[in-house]
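S.K.: Residues per chain, in single letters:
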Amino acid sequence: MSYDYAKYLRKGKLPHIWCAGCSYGIVLKSLIRAIDSLQWDKNDVAIVSGIGCASRLPGYVDFNTLHTTHGRSIAFATGLKLANPKLNVLAMGGDGDMTAIGGNHFIHACRRNLDITIFVFNNNIYGMTGAQYSPTTPKGAWATTSPYGMAENNFNITDLAIGAGATYVARTTAYHVAHCEKTMKEAFLHKGTSVVEIINSCPTGFGRKNKFKTPASMLMWMKDNAVNIEKAKNMSPEELAGKFIIGVLHKVERPEYLETYDATVGLKK
Amino acid sequence: MAKKVEFMMGNHAVAEGALYAGCRFFGGYPITPSTEVAERMAERLPQVGGRFIQMEDEIAAMASVIGASIGGVKALTATSGPGLSLKQENLGYAMLCEIPVVAVDVMRGGPSTGMPTGPSQSDIMCAKWGTHGDHPVIAVTPASVQEQFEETVRAFNLAEKYRCPVIVLTDAIIGQMMEQIEIPEPGELEVIERPKPTCKPEEYLPFDLDKDFVPLAAFGSGYRYHITGLHHNSDGFPTNDPVLHTKNTKRLIERINKNYDDIVKVEEFMIDDAEVLVFAIGVTARSAKHAVVEARNAGIKAGLIRPLTIWPFPEKHLDKILSKNKIKGIVVPEMNLGQMTLEVQRVARGRCEVEGLYSLMLDPILPAEILEKIRRFV
Amino acid sequence: MAKAEKIEIIEKWCKGCEICVEFCPTGAIEMRDFKVAIKDLEKCTACMQCELRCPDFAIIVYKKEKE
Ligand SMILES: Cc1ncc(C[n+]2csc(CCOP(=O)(O)OP(=O)(O)O)c2C)c(N)n1
Ligand code: SF4
Ligand code: SF4
Ligand code: SF4
Ligand SMILES: [Mg+2]
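Residue numbers (UniProt numbering), protein chains in the order written: chain A, 1 to 269; chain B, 1 to 378; chain C, 1 to 67.
Please keep in mind that the hints were generated in silico from the structure rather than gathered at the bench. Where is the CB? At the ideal position from N, CA and C, for every residue including glycine. Hints should not be assumed to be uniformly reliable.
One-sided excerpt, in silico: chain C residues whose CB lies under 7 Å from chain A [stated by the list, open to error]:
| hint | residue |
| --- | --- |
| 1 | E11 |
| 2 | K15 |
| 3 | D33 |
| 4 | I60 |
Covered stretches of chain A, going by a simulated chain B footprint (3 or more residues, C-beta under 8 Å) [claimed, not checked]:
| hint | region |
| --- | --- |
| 5 | 1-9 |
| 6 | 58-64 |
| 7 | 99-110 |
| 8 | 156-165 |
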């Protein structure tokens, strides 16, 4: 046994609801290891999610967990953090949850720079409702609502976060388990709003109809197409065509919202 | 000791009432005619150790106050019609997840952007049925600046006592007007603090389906549990069992219904021997009271029923009067096209005539108009 | 020489996604009736790929104590 997850898993909740081969279970393990490596008291951790397959994650872990409404996890998390700044607050959800219905909260959280962590589980599809296209579905890809191929342009989630002012922005994948764990840890430690896009796979909704034969092949696609940012620096645009970059894409220090607010208003403690 | 008397705006009185009740978080989004609540809270909260945030929209505002309440802090949001519409999904979340919060709706003319500065009472049904599904609702209806303060305190108390969202349903006239108000001394009005669970964390059942009330543990207090807007079991985890879904929904509705006497507050004015009733809330009730007095002066036995709680609907009060007195008719003046009238008719069950007096004219309904309706019944 | 003492399979959690089998570099495990099964424990190098990548917490590899 390389790691015992039992300490953080709620008893009697497995098997989880995710489909066979859904990468969310793999990311859940990276998340547990990341939090464990921080040695945080479980009572001081809150995980807030929206609605979707990804958003079911909090139910499985033994923290303060809040499964909210579709797209709204960040807004709930904002109130929670302001009420109790001692909590380490993670807001998380799928690509649809965070960048479609929750897109407004997402950009404004990046702008405010409140000390919370945001994970976007990007599987390029609305998994839970049965494979409708999301803001990150690639052009031309099949979805039940793009049966002729996706006609819309898609979001680059990390560009969106950087543009909106997030102070830590990174990308990782479900395949790169150690990298995923390390990135999550860094994001948790960053002071201010940190955003991590985690490339995930939905074999049921996306994979089957988009020429991925098996769940493992979707993970292998991540392996074959992810380029570490350090390596990417020495690659030409031609070499990078069709690839995506993983690693820390943006990191700056900027005054954190709560500290700024409390100081600005002269909060009487 | 002389009372502290101030000349205050209705919306500011809501804010002051909230602070008196121990509210230490406000999440909002500006909208006429409610904005002064937010402005006052932005200024005042830091002075008492609380925090204010202007969120990106009303959906976020509602979410933020629920989040803050889960963090253990009493929280307020304020809005008007369009914002109330946006808050609805999360209001339902607070109902199902039993999170105490207070939301103020300063009613203006709707639907849609409607009449931004025009007073109205047309969100009565929206307050009750705006969110989907079967659910309990408490809504209080102040009619003066003094009551804006006191009813906000009461709203917080009810929210804590029954672990639910409470709506302060007021209108643009009461919210915007300046009036003299006696500021209650600390301790003068009851303020209910949130109880903390006393059981061992591992025994905590945050939504115990077999209990009326379980204290809500704050996140971070050592009770780690799960909250979900999916139907859930006593331990908070989702369940698809329709029996449990039915049980919990009924439990939540019953919790409010069986505490009717504690929750429903009604001012009954001159009803002992009344033969004609006027049933009115908020600004309209002020005119109605004048009309009743004038009717009495003219020898007509009129009386006023003025709910300070409109949801749950004050049907026991109304029913009692209808079975005791020989009522010839009930006049229901309201600044909409007949929302409350429907409820009064339902409770009257044909025992007397019920006549609505509706107006969308943005000015308060005048005593003379109400008096004219009263006269028709004699 | 086998490097693994034992491979524990929690059958009720295994959803038969085959990720572990496809990532196993040695062929020590295989699919049987839509669940993972041990094919040849001797082949296992205790590389932990299967355990690390199983989304369902369903396969655990116990390394042999150092001899
Ligand atoms: C207000 C609202 N609209 C729509 C839905 C239906 N719905 C549930 S999950 C979901 C999409 C989830 O997609 P994503 O966020 O990408 O998560 P995934 O399931 O892929 O993990 C939708 C549209 C809902 N629950 N609430
Ligand atoms: S539908 Fe897709 S995202 Fe949802 S559990 Fe199944 S594989 Fe995962
Ligand atoms: S530990 Fe490595 S070699 Fe052994 S079964 Fe697992 S993947 Fe195969
Ligand atoms: S990866 Fe896990 S769930 Fe998938 S087949 Fe292997 S043991 Fe079963
Ligand atoms: Mg998705």
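S.K.: All the hints need checking, so say for each whether the structure fits it.
M.R.: Against the structure, the hints come out as follows:
1. Of the supplied interface hints, the one on C/E11 is violated, with its beta-carbon coming no nearer than about 11 Å to a beta-carbon of chain A, more than 7 Å.
2. Using the Cβ-Cβ criterion of 7 Å, the hint placing C/K15 at the interface with chain A is satisfied: the shortest such distance is roughly 4 Å.
3. The criterion of a C-beta within 7 Å of any C-beta in chain A is not met by C/D33, whose closest approach is roughly 14 Å, and the hint is violated.
4. Interface hint at C/I60: satisfied, since its Cβ lies 5 Å from the closest Cβ of chain A, which is below the 7 Å cut-off.
5. For the region 1-9 of chain A, the stated coverage by chain B is not satisfied: 0 residues place a CB nearer than 8 Å to a CB of that chain, which falls below the threshold of 3.
6. Counting residues of the region 58-64 of chain A whose C-beta sits closer than 8 Å to any C-beta of chain B gives 5, which meets the bar of three, so the coverage hint holds.
7. For the region 99-110 of chain A, the stated coverage by chain B holds: 3 residues have a C-beta nearer than 8 Å to a C-beta of that chain, and at least 3 were required.
8. With a threshold of 8 Å between beta carbons, the proposed coverage of the region 156-165 of chain A by chain B is violated, since 0 of its residues qualify and at least three are required.
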